[in-house]
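Protein chains: 4
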Amino acid sequence: MNPTDQKKFAPIGHKRWAIAEGYIPETSHGPEPEMTSHESICVLNASDQEAHLQIWIFYADHEPVGPYSVSVGPRRTKHVRFNNLKDPEPVPRGTEYSSLIESDTPIVVQHTRLDSRQSANALISTMAFADTEAVM
Amino acid sequence: MNPTDQKKFAPIGHKRWAIAEGYIPETSHGPEPEMTSHESICVLNASDQEAHLQIWIFYADHEPVGPYSVSVGPRRTKHVRFNNLKDPEPVPRGTEYSSLIESDTPIVVQHTRLDSRQSANALISTMAFADTEAVM
Amino acid sequence: MNPTDQKKFAPIGHKRWAIAEGYIPETSHGPEPEMTSHESICVLNASDQEAHLQIWIFYADHEPVGPYSVSVGPRRTKHVRFNNLKDPEPVPRGTEYSSLIESDTPIVVQHTRLDSRQSANALISTMAFADTEAVM
Amino acid sequence: MNPTDQKKFAPIGHKRWAIAEGYIPETSHGPEPEMTSHESICVLNASDQEAHLQIWIFYADHEPVGPYSVSVGPRRTKHVRFNNLKDPEPVPRGTEYSSLIESDTPIVVQHTRLDSRQSANALISTMAFADTEAVM
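The listed protein sequences correspond, in order, to chains P, Z, U and E.
Each residue of the first sequence is one higher than the last, beginning at 1 in the working numbering.
Each residue of the second sequence is one higher than the last, beginning at 137 in the working numbering.
Each residue of the third sequence is one higher than the last, beginning at 273 in the working numbering.
Each residue of the fourth sequence is one higher than the last, beginning at 409 in the working numbering.
Think of the hints as simulated: they come from the structure by calculation, not from any bench.
One thing to keep in mind: the hints can contain errors.
As the list claims (entries may be wrong) - Derived lysine-lysine pairs resembling DSSO-like cross-links, with alpha carbons at most 27 Å apart:
1) K222(Z) <-> K15(P)
2) K86(P) <-> K144(Z)
3) K358(U) <-> K222(Z)
4) K8(P) <-> K423(E)
5) K151(Z) <-> K358(U)
6) K423(E) <-> K287(U)
7) K416(E) <-> K8(P)
8) K143(Z) <-> K86(P)
9) K287(U) <-> K222(Z)
10) K358(U) <-> K416(E)
11) K358(U) <-> K280(U)
12) K416(E) <-> K287(U)
13) K7(P) <-> K423(E)
14) K222(Z) <-> K7(P)
15) K423(E) <-> K494(E)
16) K151(Z) <-> K222(Z)
17) K15(P) <-> K494(E)
18) K86(P) <-> K7(P)
19) K280(U) <-> K151(Z)
Only chain P is shown next, with the shape it has when bound in the complex (with noise of 0.2 Å):
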């Protein structure tokens, strides 16, 4: 397809999301990175604008960390994993979290985990909680 050509996608998704579960395993099998024990959002921003995303992460025992700043190009995907987010601070290990995600322009987020602690990798995958009502 000519780039001139590309095709404009109607907006998809919304502008918060939330995600209750949250865990990063402290341990794994396998090769790393692929079979590393990790937890990920996957973005898709269907729209023609870079989507800017801020990540906060909610604790069982202390106020909530963030933001953490990811942006997804237009007409992009991108798989953040919880494990690589470094600034403000890395996401503990065997810690209990949840997570909200807002960004500026529509999109859609799924929330997946690799559990590698035994030799049989374990998967979970879910979309995440829509705000249907955000306005931001």
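Knowing the structure of chain P, use the given hints to seat chains Z, U and E on it.
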């Protein structure tokens, strides 16, 4: 971040959630409590009020049992293992159930099970079903 | 709790649900029936009326089969294995299908599969898709 | 059931769906094609019209590729493996992507992955994200 600068989060979530699937496997492999077969709800309370939850457990052959009372602090997450619920009575293992979660503050609820009946664990997770019309 | 004090629950759920994914693996490992490869729907009926469900199974290459009739008592859960549906005909193994669930009372439906084709079982679960506009 | 008595189903679903997570593992264990690592969408078309789908694949580092054209007959299900999409080009293995599914008829879409990189397979499944406002 200075506590006096703590970000305020717009409310997100709903006050009533249901999980139709429920089952705590009777057996486990691996170190306890991390790898014990369990079922849990992960709750995000992004609001500035403490959330007071009442959980009801529905069974196949007798009346629902509850309420189990759980609190989640403002701007906090809590991962609640059904295995650990005790009052009014423990949730039996190897028994099919459903659950209903009612809160006085909007929350987000996600359901997760770790099944370690076999040597390699299996995981499931899904967002709970939100009653989007609940006014409590 | 005294039976005469039984809590009344506000209705929760919808009357039409769909599950696009359906597949009962042909083989299993581990003790039956607990570890038999199976696919099930978990139904929560929090209302005070018995719910009468009609399930239709959609196939890739022929007309839908149904209705399969299932009842769920008031304030009860029921886990229905597709493996056990018999009338009008059993659901074939190793065959791709989808399902549609219609109820005369609002219910919540969750889909789960246990796949024990290999020695370590795998699990999936997701909330079914609710038809939020159904008036029946 | 006599074909002339075939039940008519009220429409269910939506015309636009998105799946943010996408990844076909590069390796597999077990007999092909059943246990080949794959990712698929399961589509239910409960309507009386053939559904014409256009699938677009979004990548991290270049423009979306599509449309992949898929048809699902009236009152039929179809399980579409991303592994098998060929035109305009195959979906690469070991690469992160998202997908957008547009249909001229309401459908229900569910996302599933079988990951058999290790000797015990892992499975994920979740309902896709529905664009509830799409009018096409």
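Go through the numbered hints given earlier and state which of them the structure violates, listing their numbers in rising order. Hints 1, 3, 5, 7, 9, 11, 14, 17 and 18 not satisfied by this model.
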